[in-house]
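S.K.: Required output: the full structure, derived from the provided sequences and hints.
Sequential numbering from 14 applies to the sequence shown in our numbering.
There could be a bad hint or two in this list.
[Claimed, not checked] Pairwise CB distance ranges, derived in the manner of DEER restraints:
1. Ile25 <-> Asp67: 25 to 31 Å
2. Asp60 <-> Leu40: 27 to 33 Å
3. Ile27 <-> Lys52: 29 to 35 Å
4. Pro22 <-> Asn59: 33 to 39 Å
5. Ser69 <-> Gly23: 38 to 44 Å
6. Gly20 <-> Pro41: 22 to 28 Å
[What the hints assert, rightly or not] Each computed DSS-like pair below joins lysine-lysine, with the alpha-carbon atoms no more than 30 Å apart:
7. Lys38 <-> Lys52
8. Lys38 <-> Lys55
9. Lys52 <-> Lys39
10. Lys55 <-> Lys39
11. Lys55 <-> Lys45
Worth flagging that the hints you see were computed from the coordinates, not collected in a lab. Ideal Cβ placement from N, Cα and C applies to all residues, glycine included.
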Amino acid sequence: MGLGSIGIPGMILIVIIALIIFGPKKLPEIGKATGQTLKEFKNSANDVMTDASDSSETKEEGQN
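M.R.: The structure is reproduced here in structure tokens:
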């Protein structure tokens, strides 16, 4: 049951509820902050994966 199973009616309902709770003026700010947070998370995850692969390559070279 992933995000893809929500569907169009579910997404419309979520947007309507968000508009009621936060208002139309605050919603773009929330969207921007969420996008920046996801971007930072993705960059951090990529850095961790790169560091992990670099350290494993270094270990393999040391064993040879």
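S.K.: Hint compliance check: list the failing hint numbers for this structure, sorted ascending.
M.R.: 1 and 3
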